[in-house]
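Asker: Read off the chains here:
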Amino acid sequence: MKLRQSAFPILTVIAALLVVWYGATIKMNSTWTYDQAARAGTEPSFSEVVSDTMQQSRPLLPAPHQVVSELWKTTVEKKITSKRSLVYQGIITLKTTLWGFTLGIFIGVSLAAIIVLSRVGRLSLMPWAIISQTIPIVALAPMIVILSNAAGAGTLLVPKAIIAAYLSFFPVMVSMVKGLSSPDHMQLDLLRTYGARPNAVFWKLRVPASMPYFFASLKVSVAAAFVGAVVGELSTSAIAGLGARMLIGSQFGEPMIMWAALFAAAILAGLLIFTVGGVEKILRRAMGGRAV
Amino acid sequence: MNRSDTQFERIAYPVGFGLLVLLLWEISVRVFGISPALLPAPSAIGAAIAGSVPILWGDWVQTVIKGAMNGLWMGGIAGVALALVIDRFAFLKQGLMPVANFFAALPIVGLAPIMVMWFGFDWHSKAAVVAIMVFFPMLVNTLGGLAATDSMQRDLMRTYSAGHIATLLKLRIPAALPFVFNGLKIATSLALIGAIVAEYFGSPIRGMGFRITTEMGRLATDMVWAEIFISALTGTALYGLVALIEKRVTFWHPSQRG
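Protein sequences appear in the order of chains A and B.
Residue numbering for the first sequence follows the numbering used here, starting at 13 and increasing by one per position.
Residue numbering for the second sequence follows the numbering used here, starting at 128 and increasing by one per position.
A hint or two may mislead.
Below, computed lysine-lysine pairings styled on DSS-like, alpha-carbon distance capped at 30 Å [stated by the list, open to error]:
id	chain 1	residue 1	chain 2	residue 2
1	A	Lys39	B	Lys220
2	B	Lys374	B	Lys297
3	A	Lys190	B	Lys374
Calculated from the structure, these hints are not laboratory results.
Please construct the entire structure, taking both the sequences and the accompanying hints into account.
Answerer: What follows is the structure, encoded as C-alpha cells:
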C-alpha cells in the first residue's frame with residue numbers, strides 16, 4: 013500500500029474515531045456526574061458536565077487523553093523495575109510471545125514436514141490440525157497450567173508459551189505444507205535424473221522453495237502468538253504481564269489500569285507485526301526471493 | 128503420494144489416529160497411576176459427561192447459544208454491513224482498511240473485563256465481547272471479497288448498464304461469498320473463545336467458563352475435561368456447519384469442485 017497516498021484518509025478515519033470516542037465519553041460518564049450533582053443538590057451546567065466526564069478517576073469510558081496520560085505515567089515516568097510499569101509487564105508478555113512464537117514455528121514446520129513427506133502422516137494429522145484450531149484454547153488453559161506444573165515447570169511462562177504456540181503454529185503449518193509441496197514435477201524429475209536421494213530432494217529443493225511461504229506466514233503467526241500470550245495471561249490467572257494487568261484492573265475496579273494495559277497491548281502488537289514484517293522484507297531481499 | 132486417497136482412507140486414518148491417542152492416554156493413566164486430579168482417564172471423562180448431562184446442557188445454552196451465537200450474528204452482520212458501506216466510498220476504503228486490518232490483529236479479547244463492567248455479568252457482556260471480536264475478521268474478509276472481481280467482469284456489467292446495486296447483487300456479492308465464509312470460519316472459533324474468556328471475569332452461576340474455573344478450584348478435573356470435550360465438539364461442529372453451508376452456497380467456486 014502506498015502510505016503517502018493513504019495517509020490522509022487514514023488520519024481522517026482516526027480523527028473521526030477520536031471524535032466518536034469523546035462523544036461517547038460524555039454520554040457514558042454523564043450519568044455518574046448527574047448522580048453526584050443530584051446528591052449534592054446542585055444543577056450542573058452543560059459545560060460543567062462535559063469537563064467532569066473528562067476527568068473522573070473511575071470512568072465507565074475514559075477520555076482518550078486520560079488513557080494517554082495514564083500510559084505516559086506507567087511507561088515513561090515509572091521505573092522499569094516497578095511492577096506498576098507497563099514496560100515491565102510488557103516485557104513479560106513479549107517474552108511469552110517470543111517463546112510461543114519460536115515453539116509455534118518449530119511445531120508448525122515439523123508437522124508440515126511430516127505431512128508433506130509421509131502419506132500416513134498427512135492423512136492422520138491434517139484433519140486433527142484443523143480440528144485443533146476449532147477448539148477454544150481458553151477452555152484448555154487451566155488444564156495446561158496443571159499439567160505443565162506436574163511436569164515440573166516452575167513458572168507460568170511454560171503454560172503461557174504453550175498457549176501462544178497452540179495459536180501460532182497453525183498459520184506456519186498451513187503455509188509450509190503449501191511451500192514444501194510447491195516444487196512441480198519438472199523440478200522433482202530433474203533431481204531424480206541427478207540421482208538425488210529423498211533427503212537431498214527435501215533439503216536442496218523443497219526447503220528453499222518453501223521459504224517465501226514461510227516468511228509470508230510469520231506476520232500472521234506472530235500476531236496469533238501475541239493474542240495467545242494475552243489470552244494465556246487472562247485465563248491462567250497470571251500475576252504478571254499485560255493480560256494480568258487487565259485482570260487486576262477488573263478485580264480492583266480500576267478501569268484506568270485496564271485501559272492502559274489494553275492500549276499498551278495494542279501498541280506492542282503493532283510493534284511486533286511491524287518488526288516481523290521488516291525482518292521478512294530484509295530477508296526476502298537478501299535471498300533474492302519474490303513475494304508469494 | 129502416487130495413489131489418490133480413497134474416501135475410506137480419508138476417514139479411517141484420522142479416526143484411527145484419534146483412537147490411538149485415546150488408547151495411549153487411557154493406558155498410561157492406568158499404568159503410571161496418574162492421579163485423577165491431574166489427568167483423568169478418557170473413560171472417567173466419559174462417565175463425567177454421561178453423569179452430568181443437565182449441568183453441561185445448561186452451561187452450553189448459556190455460553191454457546193446466548194453468549195457466542197448472539198455475539199456472532201450481531202458482529203457478523205455489522206461487519207458485513209459496514210464493509211458494504213465502506214466499499215461504496217473509495218476514501219473510506221483507503222482510510223479504514225489499514226485501521227481495520229490493524230484492529231483485526233489486536234488481542235481484542237482484552238476488552239472482556241471492560242465489557243463485563245459495562246453490560247453486567249449475564250450473557251449480554253459475553254455477546255458484546257464476541258461481537259467485537261468477530262466484527263473485524265468479517266469486515267476485513269468481506270472487503271477483500273468485494274475487491275475480488277476483476278475489471279473485465281465489472282466492465283461487462285457496465286456494458287449491461289448495471290448500476291452499483293445491480294453489480295453488487297449479481298456480481299460482486301456472489302464473488303465475495305467465499306471470502307465471507309472464510310471470515311465466518313475464523314469468527315466461529317473466535318466466538319467460542321470470547322464467550323468463555325468473558326466468563327472468567329464474572330458470570331451467573333452457569334456457563335462453560337464459569338464451570339471450568341469453579342471445578343478447577345475443587346480439583347474435579349474430570350468435569351473440566353467434560354467441558355473441554357463439549358467445547359471442542361461445539362467448535363468443530365460449528366466449523367463443520369459453516370463449511371457445509373459454504374459448500375452448498377458457493378458450489379461454483381474452484382475450491383469446492385475438486
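Asker: Now tell me, hint by hint, if it's right for this structure.
Answerer: Structure-based check of all given hints:
1. With a C-alpha separation of about 29 Å, the suggested pair Lys39/A and Lys220/B falls inside the 30 Å cut-off, and the hint holds.
2. Under the criterion of a C-alpha separation no larger than 30 Å, the hint pairing Lys374/B with Lys297/B is consistent with the structure, at around 19 Å.
3. A C-alpha spacing of about 22 Å is found between Lys190/A and Lys374/B, which places the hinted pair at or below 30 Å, so the restraint holds.
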